[in-house]
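S.K.: In order, the protein sequences belong to chains A and B. In terms of UniProt numbering, the first sequence opens at residue 1 and continues consecutively. In terms of UniProt numbering, the second sequence opens at residue 1 and continues consecutively.
Derived by calculation from the structure, the hints in this document are not laboratory data. On a predicted model such as this, the values are computed, not experimentally measured, just so you know. One should not assume that every hint holds.
Any copy, or any two copies together, can satisfy a pair, since identical chains are not distinguished.
As the list claims (entries may be wrong) - For lysine-lysine, the following BS3-like pairs were computed, each having C-alpha atoms within a straight-line distance of at most 25 Å: (1) Lys108 / Lys86; (2) Lys81 / Lys108; (3) Lys59 / Lys72; (4) Lys81 / Lys133; (5) Lys211 / Lys72; (6) Lys59 / Lys216; (7) Lys72 / Lys96; (8) Lys108 / Lys96; (9) Lys96 / Lys86; (10) Lys59 / Lys211; (11) Lys108 / Lys211.
Number of protein chains: 2
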Amino acid sequence: MDNHEAVLKLLLEAVQANMSSTEKKEDADEIPVGISNRHVHLSQSDMNCLFGEGHQMAKMKDLSQPGQYACKETVTICGSKGAIEKVRILGPVRSKTQVEVLVGDSFKLGVVSPIRLSGDLHGTPGITLVGPKGSIQITEGLVVAQRHIHMNCEDAQRLGVHDGDIVSIEVNGARGGIYNNVAIRANDTSVLECHVDTEEANAMDINSSSKIKIIK
Amino acid sequence: MDNHEAVLKLLLEAVQANMSSTEKKEDADEIPVGISNRHVHLSQSDMNCLFGEGHQMAKMKDLSQPGQYACKETVTICGSKGAIEKVRILGPVRSKTQVEVLVGDSFKLGVVSPIRLSGDLHGTPGITLVGPKGSIQITEGLVVAQRHIHMNCEDAQRLGVHDGDIVSIEVNGARGGIYNNVAIRANDTSVLECHVDTEEANAMDINSSSKIKIIK
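So here's chain A without its partners, still in its complex pose (with noise of 0.2 Å):
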């Protein structure tokens, strides 16, 4: 009987190993997700024209990478076709002015914006923006975000991938499916999590409790 116990504890304790490393290797497999609607990162001179100079942006809210955050202040942004009001400002200000919108307010623009990593603007269309003190009419800067993944240097070294990388995801659910195309962008202080817009978010049924992985 003495025997019995000890063999029952020992394979109770073995499945309890186990079930605790696979349930820890699906935690760590598992990607947050950060759902962008459309938005404006400004530099300093272009939020002077729009809300005159010295204006000091009021931060709404955090945003999950750090020091980035939603201000108060919005902008309209104006195309051939049509313009979209209340266009949220992300802070802080940017060495360039860069306009991030859906596929479908390119179409309500206008305007046909290629898809791009955030900062690659040369050759991007322009738009015009209007805010309560001016407006300005930039010459690039208008895209439509690529879809990707921020993670430190850490993150990537346990994810297999490395900054530049480009990756597929697989979203689960009644709408799952799999998005090509996804850059790493891997750095010392970036915030694990993968963006994407509302259009892809709800495509697949994405919410902000929801989780990607990586496949390869």
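Chain B: place on chain A using the hints.
M.R.: Showing chain B alone in chain A's frame:
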């Protein structure tokens, strides 16, 4: 020399025959795409309430499926959180009113809409519709359309699928990927076309000239 020429001619013919059969096979596997925006199918009695007794719907344009058409008429749909104006009516009338919205519309309306195939309305939420002559509150019928592929029985045989099958579809391009859980709807009269909504189309950069393929 005669032998050489004869051999070359045979080789050339063999290569050309092979190329043409490969091309044909590729074409035969490709499926055109139809992109649906939010829309409403009305029952006769609901149409009478919204547009007045005896009102005749005005056809705006035929749709790709035989007998289906978009009407000039639109309605406003209203939920607890918000309203969406100018939602297109599709004809002809159906036995039950059905409102097909985008996932993004669900958030705007404040009503969680389940993902369903057309006609499968049991247990779906209701919504308020407002027309020029009156308003109605349907007790069920609000859905997000499940992606699906219409085809006739000959297409189904050629593509190796059956009515009711669930498949995945592959989309190429910079925003490409795979959508799972795509329903096959095969009957004698349908025209081959894969139906996705505007959010699903935009998320994969699909337009009305895109082609998709079934993967199993």
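S.K.: Hints first: check each against the structure and report whether it holds.
M.R.: Here's how the hints hold up against the structure:
In the homo-oligomer, the alpha carbons of lysine 108 and lysine 86 lie at most 25 Å apart both inside one protomer (15 Å) and across protomers (15 Å), since each shortest distance falls under that limit. Proximity of lysine 81 and lysine 108 under a CA criterion of 25 Å is satisfied in both settings, with 6 Å inside one chain copy and 24 Å between copies. Only within a single protomer do lysine 59 and lysine 72 lie at most 25 Å apart by alpha-carbon distance; the minimum there is 6 Å, versus 45 Å between protomers. Proximity of lysine 81 and lysine 133 under a CA criterion of 25 Å is satisfied intra-copy only: 23 Å inside one chain copy versus 32 Å between copies.
In this homomeric assembly, lysine 211 and lysine 72 never come within 25 Å of each other (Cα to Cα): the closest approach is 29 Å inside a single copy and 42 Å across copies. Taking the shortest Cα distances, lysine 59 and lysine 216 never come within 25 Å of each other, neither inside one copy (38 Å) nor across copies (49 Å). In the homo-oligomer, the alpha carbons of lysine 72 and lysine 96 lie at most 25 Å apart inside one protomer (20 Å), although the nearest pairing across protomers, at 44 Å, exceeds that limit. For the identical chains of this complex, lysine 108 and lysine 96 are intra-copy neighbours only, at 24 Å inside a copy versus 32 Å across copies, given an alpha-carbon limit of 25 Å.
Taking the shortest Cα distances, lysine 96 and lysine 86 sit within 25 Å of each other inside one copy (20 Å), while across copies they are farther apart (38 Å). Proximity of lysine 59 and lysine 211 under a CA criterion of 25 Å is satisfied in neither setting, with 28 Å inside one chain copy and 44 Å between copies. When the C-alpha separation of lysine 108 and lysine 211 is checked against a cutoff of 25 Å, the pair qualifies only between copies, where the shortest distance is 24 Å, while the shortest distance within a copy is 31 Å.
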